[in-house]
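Undergrad: Chain by chain, the residues:
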Amino acid sequence: MTDRRRFEQQVLPHIDAAFNLARWLTRNDHDAEDVVQDAMLRAYRHFEGLRGEARPWLLAIVRNACFSWIRRNRPAEVAAGPDEEAATAPADGPEALLARELDRRMLNEAIAALPLQFREVLILRELEDLSYREIARIADVPIGTVMSRLARARRLLAESVRVIAVASRLQTEK
Amino acid sequence: MKPEEAARLLHAYVDRELDAAKSLELEAQLAADPALRERFARLRELSAGIREKADYHAAPSSLAARLSAALPGAASIAPRRATRWILPAAAAALAAALAVGIALVRPGDEDALLREMVASHVRSTLGNRLIDVASSDQHTVKPWLSARLPFSPPVADFSPEGFELAGARVDYVGGRPVAVLVYKRRQHLIDAFIWPGSGPRDGAYSRDGFNVERSSVEGMRICLVSDLNRNELSDLARLLIARR
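Chains as they are written, first to last, in my numbering: chain A, 1 to 174; chain B, 175 to 418.
Treat the hints as calculated values from the structure; they're not laboratory data. The structure displayed is predicted, hence computed values, not measured ones. A hint or two may mislead.
Said to hold, decoys possible - Cβ-Cβ distance ranges computed for the label pairs, FRET-style:
hint	chain 1	residue 1	chain 2	residue 2	range
1	B	D193	A	E173	43 to 51 angstroms
2	A	P75	B	N405	33 to 41 angstroms
3	B	D229	A	R51	28 to 36 angstroms
4	B	R190	A	E159	50 to 58 angstroms
5	B	L413	A	E173	43 to 51 angstroms
6	B	S333	A	A79	42 to 50 angstroms
7	A	R51	B	S333	50 to 58 angstroms
8	A	G49	B	G247	50 to 58 angstroms
9	B	E392	A	E159	50 to 58 angstroms
10	B	A416	A	T172	15 to 23 angstroms
11	B	L413	A	A165	31 to 39 angstroms
Stated by the list, open to error - Residues of chain A clear of chain B, computed beta-carbon distances all greater than 10 angstroms:
hint	residue
12	Q10
13	E33
14	G49
15	N73
16	P75
17	V78
18	P115
19	A139
20	A167
21	T172
For each residue, glycine too, the CB sits at the ideal point set by N, CA and C.
Bound conformation, chain A alone:
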């Protein structure tokens, strides 16, 4: 079987996962397409290095391509995340939010507004259903950091959805 054929069978089926991650990280369809195309060609060149499962392997390549792109085009976003110290503070905050109150549009806006390093773990966990170990490998951080970032991501998300909900309620009352 040719390399191309094997690549088409093993890697290409994960193009949706690749695009979904890139789209959430770049927050833009057009940029996500460019980044995924670059990442896919890179994956093809390094195809021989694939051990184990193709999807996490591909997502690590896509993730790195996204970060390079963001560093080039929006350097402030990579530099200015909230510090890890705050992120590892004990979970005292409210996930106090009922899912049935979650408005689809608000939720998507709130996820898009999360700082990059929290958005990344949240998407990999909730939308790609990857294990902490796989996420740690993809984001190149220890598993403990995955845990704390995920906890922080969920708290931030619950908090900002609530703020958006209150704001929109005020809007309608006006």
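Start from chain A and add chain B according to the hints.
TA: Relative to the frame of chain A, chain B by itself:
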């Protein structure tokens, strides 16, 4: 376990990442602490809410076409532009499956059988899904399959459990016609290959990034193929077996 630690581990527990010993400890804490229980319930709801409502951005078909043109070597799979070639493709895929089936597979060749099922699953997802009968109604799907197969496969919708029956197709695997039930869970598609008689031994396997879960019940073989994680794939296997 201190309350701070319990709160910290709650996320790992919701994500099913806690080891057995810690899980037991935390469960004891949950039983004793209503406030913690409340947080646990909300955290689960939040997680489920994200999975259900956050946008999953599928790759536009133009991207697959661009890639196909950019990759070196000749394309062997039609690019995913796909959606409109589904009818001719269904015929072509079936012909290909028949050809491959006859050329490669000896009965009892487990590995070839696995390969065939994964290939069938990949073909169907690349072609934006190969469903011959699209219905979540088991009373539509079951007679459709029974009319085309020499056996009557178990058919059930598990929407309440999060596995929505999307439809079914008939495929040809390991030299025999098989029923394929197609389930949807979030953005994942699961193919359940079902046929009577003998087959590969039970267990979970991973192949080319896809998980395969094999089981059998009352003379029927059930093989699930998906990129869904193993835990949830076994959940579906258990449901199918219980319903049989």
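Undergrad: Run every hint past the structure and note whether it holds.
TA: Right, here's what the structure says about each hint:
{"no.": "1", "hint": "B:D193 to A:E173: 43 to 51 angstroms", "in the structure": "49 angstroms, holds"}
{"no.": "2", "hint": "A:P75 to B:N405: 33 to 41 angstroms", "in the structure": "39 angstroms, holds"}
{"no.": "3", "hint": "B:D229 to A:R51: 28 to 36 angstroms", "in the structure": "32 angstroms, holds"}
{"no.": "4", "hint": "B:R190 to A:E159: 50 to 58 angstroms", "in the structure": "25 angstroms, violated"}
{"no.": "5", "hint": "B:L413 to A:E173: 43 to 51 angstroms", "in the structure": "46 angstroms, holds"}
{"no.": "6", "hint": "B:S333 to A:A79: 42 to 50 angstroms", "in the structure": "45 angstroms, holds"}
{"no.": "7", "hint": "A:R51 to B:S333: 50 to 58 angstroms", "in the structure": "37 angstroms, violated"}
{"no.": "8", "hint": "A:G49 to B:G247: 50 to 58 angstroms", "in the structure": "18 angstroms, violated"}
{"no.": "9", "hint": "B:E392 to A:E159: 50 to 58 angstroms", "in the structure": "51 angstroms, holds"}
{"no.": "10", "hint": "B:A416 to A:T172: 15 to 23 angstroms", "in the structure": "47 angstroms, violated"}
{"no.": "11", "hint": "B:L413 to A:A165: 31 to 39 angstroms", "in the structure": "36 angstroms, holds"}
{"no.": "12", "hint": "Q10", "in the structure": "5 angstroms, violated"}
{"no.": "13", "hint": "E33", "in the structure": "5 angstroms, violated"}
{"no.": "14", "hint": "G49", "in the structure": "15 angstroms, holds"}
{"no.": "15", "hint": "N73", "in the structure": "19 angstroms, holds"}
{"no.": "16", "hint": "P75", "in the structure": "24 angstroms, holds"}
{"no.": "17", "hint": "V78", "in the structure": "21 angstroms, holds"}
{"no.": "18", "hint": "P115", "in the structure": "16 angstroms, holds"}
{"no.": "19", "hint": "A139", "in the structure": "15 angstroms, holds"}
{"no.": "20", "hint": "A167", "in the structure": "19 angstroms, holds"}
{"no.": "21", "hint": "T172", "in the structure": "21 angstroms, holds"}
Hint compliance for this structure: hints 4, 7, 8, 10, 12, 13 are not met, and every other hint is.
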